[in-house]
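Q: Residues 1 to 261 (full-length UniProt numbering) make up the sequence shown, in order.
There could be a bad hint or two in this list.
[Unchecked claim] Once the Cα atoms are required to be at most 25 Å apart in a straight line, the calculated DSS-like pairs of lysine-lysine come out as:
hint, residue 1, residue 2
1, 149, 57
2, 140, 107
3, 176, 188
4, 50, 74
5, 47, 127
6, 73, 57
7, 109, 122
8, 5, 37
9, 127, 86
10, 149, 74
11, 127, 140
12, 49, 107
13, 57, 28
14, 50, 73
15, 37, 49
16, 37, 50
17, 74, 140
18, 47, 149
19, 86, 74
20, 73, 122
21, 74, 109
22, 57, 122
[Stated by the list, open to error] Just the calculated beta-carbon pair ranges, DEER-fashion:
hint, residue 1, residue 2, range
23, 86, 48, 27 to 37 Å
24, 70, 172, 34 to 44 Å
25, 152, 94, 16 to 26 Å
26, 126, 44, 25 to 35 Å
27, 46, 172, 50 to 60 Å
28, 75, 127, 19 to 29 Å
29, 94, 32, 37 to 47 Å
Simulated from the structure, these hints should not be mistaken for lab results. Each residue gets a CB set at the ideal place from its N, CA and C atoms; glycine is no exception.
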Amino acid sequence: MPKGKNAIPHVHQRKHWNPCSSQKGNVKVFLNQPAQKLRRRRLRLLKAKKTFPRPLKALRPQVNCPTVRHNMKKRLGRGFTVEELKAAGINPRFAPTIGIRVDRRRKNKSEEGMSINIQRLKTYMSKLVLFPMSYKNVQKGEATEEEVKSATQDRTRFGTAAVGGFVTPAPEAPRKVTEEERTKNVYKFSRRTTALFASLAFAGHVRNAGRPRRTRRSNFFPHDPIKTCCILFFFFMFLFKFFSLTYWCLQYVLFCLYACL
């Protein structure tokens with residue numbers, strides 16, 4: 001209901017189908033859907049005849065969908081990486097000429113995804129029928145005249161290797177909680193570990209302040225036994241929880257020693 005003495009809303013939420021009315025609605029119909037379906041099918045067949053004996057679509061890799069919401073699903077990517085092509089024994093420059101898409105910007109972030117795409121390339125190459133430029137001079141890897149006559153066109157959506165669906169990890173078998181898991185303080189352990197690596201990184205930053213930038217990364221992990229002992233002493237003091245005034249004094253002295261070396 002409206003507030004106070006305001007008018008009661010009486011909206012006309014409908015389409016005015018009558019063409020003679022004063023309030024003609026924005027009505028748009030699509031009566032050509034069945035005809036468009038036949039037209040798309042006819043164009044697909046025409047494209048298949050033009051591209052014969054080549055496949056309708058180029059081979060694309062299998063990748064994970066982005067974001068946490070959809071990363072358990074698979075889809076087709078833009079192209080294979082150079083590492084995947086080299087692992088499958090295919091020249092990246094030769095790949096586009098035989099119907100394989102190449103994407104030089106994509107990077108492999110997991111061994112599982114890379115192995116799946118390598119196997120996808122190998123399956124494609126095992127079923128590939130490469131027509132020769134001349135039957136008189138057939139090169140290595142090209143098909144013979146009998147294989148050319150028996151070749152069929154691939155009209156599938158995903159190519160010769162199907163794309164996998166959901167990846168459901170195997171459930172972990174039930175077990176009892178161990179005593180170490182029961183007594184371990186994960187928050188305290190993570191804080192100590194973070195503080196340890198932060199102190200080591202800061203010590204390396206102070207030590208490399210006056211050196212050329214080119215040698216900073218190579219000299220971060222020391223080969224000097226004194227520096228190595230300092231790092232190990234830092235680590236074991238954090239690991240065995242030695243927190244006292246003596247501990248902090250020793251840590252300060254070792255930190256200054258490590259920074260000066």
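Q: Confirm or reject each hint.
A: We went through each hint and held it up to the structure:
1. 149 - 57: holds, 21 Å
2. 140 - 107: Given pair residue 140, residue 107 is violated - Cα atoms ~31 Å apart, limit 25 Å.
3. 176 - 188: holds, 23 Å
4. 50 - 74: Answer violated: residue 50 to residue 74 is near 31 Å, above 25 Å.
5. 47 - 127: Given pair residue 47, residue 127 holds - Cα atoms ~22 Å apart, limit 25 Å.
6. 73 - 57: holds, 22 Å
7. 109 - 122: holds, 20 Å
8. 5 - 37: violated, 55 Å
9. 127 - 86: holds, 19 Å
10. 149 - 74: violated, 36 Å
11. 127 - 140: Holds, because 16 Å separates the two Cα atoms, which is no more than 25 Å.
12. 49 - 107: violated, 36 Å
13. 57 - 28: With Cα atoms ~35 Å apart, residue 57 and residue 28 exceed 25 Å; violated.
14. 50 - 73: Status violated; Cα separation ~34 Å.
15. 37 - 49: holds, 19 Å
16. 37 - 50: Since the Cα atoms of residue 37 and residue 50 sit roughly 20 Å apart, the hinted pair holds (cutoff 25 Å).
17. 74 - 140: violated, 35 Å
18. 47 - 149: holds, 20 Å
19. 86 - 74: This hinted pair holds, its Cα atoms lying about 23 Å apart.
20. 73 - 122: holds, 23 Å
21. 74 - 109: holds, 15 Å
22. 57 - 122: holds, 17 Å
23. 86 - 48: 27 to 37 Å: holds, 32 Å
24. 70 - 172: 34 to 44 Å: violated, 24 Å
25. 152 - 94: 16 to 26 Å: holds, 23 Å
26. 126 - 44: 25 to 35 Å: holds, 27 Å
27. 46 - 172: 50 to 60 Å: holds, 54 Å
28. 75 - 127: 19 to 29 Å: holds, 22 Å
29. 94 - 32: 37 to 47 Å: Cβ of residue 94 to Cβ of residue 32: about 44 Å, so the range 37 to 47 Å holds.
In summary, the numbered hints that this structure violates are 2, 4, 8, 10, 12, 13, 14, 17, 24.
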